[in-house]
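Visitor: The residues making up each chain are set out below.
Number of protein chains: 4
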Amino acid sequence: MKFKVGILGATGMVGQRFIQLLSKHRWFKIEELFASERSANKQYGEVAKWYLQEEIPEDIKEMEVSLLSKDAAKNTDCDLVFSAIPAEIAREIEASFAQHIPVFSNTKTYRMEEDVPLVVPEVNPDHLSLVKIQKENRNWDGFIVTNPNCTTIGLVIPLKPILDSFGITEVNVATMQALSGAGYAGVPSMAILDNVIPFISGEEEKVESEPLKILGSIANGKISYAKFDIFASCNRVMVRDGHLESVFVKTAQDFEIDELTNIWENFKAEPQKLDLPSAPENPIILAKEEDRPQPLFDRDAGKGMSVVVGRIRKKKAKLLKFTCLSHNTIRGAAGASILNAELAYKKKLL
Amino acid sequence: MKFKVGILGATGMVGQRFIQLLSKHRWFKIEELFASERSANKQYGEVAKWYLQEEIPEDIKEMEVSLLSKDAAKNTDCDLVFSAIPAEIAREIEASFAQHIPVFSNTKTYRMEEDVPLVVPEVNPDHLSLVKIQKENRNWDGFIVTNPNCTTIGLVIPLKPILDSFGITEVNVATMQALSGAGYAGVPSMAILDNVIPFISGEEEKVESEPLKILGSIANGKISYAKFDIFASCNRVMVRDGHLESVFVKTAQDFEIDELTNIWENFKAEPQKLDLPSAPENPIILAKEEDRPQPLFDRDAGKGMSVVVGRIRKKKAKLLKFTCLSHNTIRGAAGASILNAELAYKKKLL
Amino acid sequence: MKFKVGILGATGMVGQRFIQLLSKHRWFKIEELFASERSANKQYGEVAKWYLQEEIPEDIKEMEVSLLSKDAAKNTDCDLVFSAIPAEIAREIEASFAQHIPVFSNTKTYRMEEDVPLVVPEVNPDHLSLVKIQKENRNWDGFIVTNPNCTTIGLVIPLKPILDSFGITEVNVATMQALSGAGYAGVPSMAILDNVIPFISGEEEKVESEPLKILGSIANGKISYAKFDIFASCNRVMVRDGHLESVFVKTAQDFEIDELTNIWENFKAEPQKLDLPSAPENPIILAKEEDRPQPLFDRDAGKGMSVVVGRIRKKKAKLLKFTCLSHNTIRGAAGASILNAELAYKKKLL
Amino acid sequence: MKFKVGILGATGMVGQRFIQLLSKHRWFKIEELFASERSANKQYGEVAKWYLQEEIPEDIKEMEVSLLSKDAAKNTDCDLVFSAIPAEIAREIEASFAQHIPVFSNTKTYRMEEDVPLVVPEVNPDHLSLVKIQKENRNWDGFIVTNPNCTTIGLVIPLKPILDSFGITEVNVATMQALSGAGYAGVPSMAILDNVIPFISGEEEKVESEPLKILGSIANGKISYAKFDIFASCNRVMVRDGHLESVFVKTAQDFEIDELTNIWENFKAEPQKLDLPSAPENPIILAKEEDRPQPLFDRDAGKGMSVVVGRIRKKKAKLLKFTCLSHNTIRGAAGASILNAELAYKKKLL
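Protein chains in written order, with our numbering: chain A, 431 to 780; chain B, 431 to 780; chain C, 431 to 780; chain D, 431 to 780.
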């Protein structure tokens, strides 16, 4: 018996990735697709401008889209929903669903709220324990679990073992982010051809705050944020998928490069131990060539769920540099939410 | 009366920029074009695959190319030469010219030698005084003056006033570099379409060392390198011209953003005071929009000789971030050498 | 004394080209900028997302935008207007201006109407005589003169001397069109990166019909369309500006290649004879290299007003192939309208 | 028992596709990899710059590369070889192998020779009968079977059923060809960024001649070429893989669009009847959307072995236009040679 799942915001780019990743899922079955008025009550295949190179699944094409509204939650047969809706409407809509069923959200709205877990299963699976408090606080039958921004995910996974082994006092990160992160029509070709845009609205703020919550510790139902500074410079480049990040880390204790690469290579975490369906065999893959990771070749590593790390150099004691890459709409969005739901199931929250 | 100048490596991409910038120069007149055997003794227009959008000057097209060799220096009528030749052959060839006449070189070979000035006229014009020592040391009638790597130049110009006003203790920089930096055929389209390459051979080493010499002080004919660390991560992106850099700076003293922008906006230096022909009115231009500088729109600022700075943020005391852009084959290469020659003239070295 | 001109649709991409081309015009002075409610009554510099690499003229930046409406025509001080407004609103708006003053329109709405001249000054300057009939028919003090679609212009200019010298019985044309033709946000980067789109809505119909009107003859105030078939296949490619067209022509009489290139090279027409300010010295420029014309290098030929022709081959008797390139927002849009207005002035219609 | 196969030119781009397509083949097993001196006697993984997004097979990585030479043929254990070597060396090398074993070549050298079959299995499987004559003529134990140029293949497949049903009197074709067609380093990024290159050396000649041989009939061991003219205009665009072609066809008899699409949709040929391992279920797939086929979405149709056809329009009696797309390194190169070998096996030539 599979869980019946719904997708809120099913026509957008992350919505399409949800469909792609869930259409053959071992535990979940797509039951309902929610979208705005423009698409509601029409066949999905008619209203969605399918943007993935892999073809749209035939059965999905013919599903009738449901209207995304506050009332939708009351009438749905879904056991849980995944959300990829615009931040402006998420507060109300996601709450209306959470009153009844679990919501696994890729939207930023609830991420930083005190009683809402912001989870990357390889990093802070224990934060899921906030769910109990959240349900009490808000008097909900369901709950909301969020995953971070696409850029944050690729960063916190390699940072986690560094923090655990050597401590971190400061991080500078410059990102080179893919077009898909802005949505299908987000970046006009006239804007980006022969260009780089050194600005993504709201992005640096997220990258500078979310990791500190995720890398924080939880005690007595309260998260203590990690205590170091992140300073981010976010750039948009002419790449379809895959966020690349140049990361500079100042560690608390000194380290040897070999020690670090060894730790990274052997890094396994909760999703690997629990053998979650979407868990990559290796959350971190070390690039062997000196000119990798590259978005074109490495974004699909671990079916898009691994972070590929390369260009590792130590400048002097406690000063590290590396480059990491992750697939922004899989590991950084739809896949992240799904992995959270899988973890929640194993933790008996579904 | 104009100085007769030669161009060593005239058919390459930087060589073409030399031609473009010198073809209407007030002080210099192109007298001789030097290239390898493949091109020697043929008309320039036949052998050069002209890559600039602006057309090749008619008179240059018909010039006969001279063979680039050690012996060429003895027979040339040139008063000085500009060099954009491969590093592998520069040691011998540039020295053979410097025995007779001044060489203004864009090639890395001599940059870090003790008695060779590595000059950015807005930053360290006083380093030209090394020329006297160099001529004595090497028993040359001419001399070699070098300019730094294309990425270094865009970085040291905005760093200079920070260093002077607040001091610097650490710099992390991630670059997004243009294709032209690798030469016309340097980056195959198959390698970079839908991609970023997080590696440029030898580049990080240059960016981490050259600025410390340039920002160093000179006393008694000896340069004391600047005393801070630079840590660089160099990336190649799908952009024709214009290197973009995300820079993180730790200052020695604290600063206010307004103070800094004020200093940058009013920054004028030796080339501006001397009104050198290639000097931009403003070495540093502050981008007004939040999403600038962008290579497409800003690389030609100040005829390609200004550095455009934007995205200025302070994270906490003494921690600064900004993004800067400079035209890599003008300010970062041919224009840099020419400005050095102009400065040398005013300093009575020609 | 310059004519005071207005620009309808001043914030769009063609509107920006109008500003660029008119800001230093010998005969015309920009008096008023019209745009939709979103921009009206605000400073142009605030509302226009300036997309051209050349900077926005300072005086234009500070002009207050006027509301584009049917009533605007009554209150304007302009002597004439240029129009680059959406086809949906052009019927009413352009007519409201034409009641009072001349309108030179780049919009398709009126192009194929019987009493509206569709003019390319090098091809059918005599069609301007329709103006008189139009004014009578419609009881207007002003009038509308249109220029064709951007793809049509690049095609009819090289076709004109072929038609005159050898006759034409059939044309097949496949186009590779630039992004700017779809407007600033018309083509998402996600749609065109690593792709070609073999469809442009409504384009093939225009390319197949407009040339026949332009190349038609006029007698007794009536245009007889040219009598041959054009069959077009329109494709969008990843190029900023410059439409490239592979053209196959079947001629009525046989020809020699030399004969044809000679005719093209010496082609001069009314704008050249009248020395109109925007007229290129050569309406047709023959590319010398076998791999040209290329958008990157040739789109700005003749300040964007020349058509560059290359790859000329004859397959057998009466069967010709060539490739032509023209700048779609200069020769193919704003420059076309301006050249029409210049011609109209010399023909004493202003 | 699988046939042992060798790959001549294994490090190049088509060589890599051969490896990818053969590494899990039901009938063939890669036995030997041949390359030039630069790579010979080294591990494949060390010498090949792997350019495909799918990873290099582990066992191939460790194979030692053999030297490609005239003598290699004598010592090989292979039952047959696939060739993707440069045309300059193919005459001698391919012949040296054909003396002993069958050669399935993607190289142009032997394509147009009278006794060498130029085969697309869906179009002219009967031309394989030339093999017998070839072996006699040349006194070879093996033989050479060629497949056409990448652009030709995508064209002849949709032309074949038109020719059979309605006859063809003339074809004009404009191509938009992918970068991979020029080899990994064939097109510098500086040459193609923001550009289209309307020239590919030698390409138009191939596209205009090869289809006439392929579509010709064979009788008494002699091929009568098809009797119509093809006129081609070949362009290079910024696309990784997938050649797009705008095709204009004049038919001998008139046709209805429905009739034609029906014929195309139901087109099955020898490879489908014989159920060859590399045969696509449908050699021709009709695109349903008006803006397709697009390289990005359609190049992998039928695992890269189908031709996708769209934009079908009739202009007037007997005048047809369509757009077709095929994967240039699969259907247009490596896959084509392999399909030929599969056909040869079923025809008992191996």
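Since the hints were derived computationally from the structure, they do not count as laboratory data. Cβ coordinates follow ideal geometry from the N, Cα and C atoms, glycine included. Any given hint could turn out to be false.
Lysine-lysine pairs mimicking BS3-like chemistry, simulated, CA-CA at most 30 angstroms apart [claimed, not checked]:
no.	chain 1	residue 1	chain 2	residue 2
1	D	K636	C	K718
2	C	K746	B	K454
3	A	K746	A	K778
4	D	K562	D	K698
5	D	K745	C	K746
Facing chain B, from chain D, some residues (calculated, C-beta under 8 angstroms) [unchecked claim]:
no.	residue
6	V477
7	Y481
8	V617
9	P618
10	R670
11	N692
12	I693
Non-contacting residues of chain C with respect to chain A, defined by C-beta distances greater than 12 angstroms in every case (computed) [what the hints assert, rightly or not]:
no.	residue
13	W457
14	K472
15	K479
16	Y481
17	Q483
18	G597
19	A608
20	A615
21	R666
22	D671
Visitor: None of the hints should be skipped; say for each whether it holds.
Guide: A quick look at each hint next to the structure:
| no. | hint | result |
| --- | --- | --- |
| 1 | K636(D) / K718(C) | holds (23 angstroms) |
| 2 | K746(C) / K454(B) | violated (48 angstroms) |
| 3 | K746(A) / K778(A) | violated (46 angstroms) |
| 4 | K562(D) / K698(D) | holds (27 angstroms) |
| 5 | K745(D) / K746(C) | holds (23 angstroms) |
| 6 | V477 | violated (17 angstroms) |
| 7 | Y481 | holds (6 angstroms) |
| 8 | V617 | holds (5 angstroms) |
| 9 | P618 | holds (4 angstroms) |
| 10 | R670 | holds (6 angstroms) |
| 11 | N692 | violated (37 angstroms) |
| 12 | I693 | violated (37 angstroms) |
| 13 | W457 | holds (31 angstroms) |
| 14 | K472 | holds (21 angstroms) |
| 15 | K479 | violated (9 angstroms) |
| 16 | Y481 | violated (6 angstroms) |
| 17 | Q483 | violated (10 angstroms) |
| 18 | G597 | holds (40 angstroms) |
| 19 | A608 | violated (9 angstroms) |
| 20 | A615 | violated (4 angstroms) |
| 21 | R666 | violated (9 angstroms) |
| 22 | D671 | violated (10 angstroms) |
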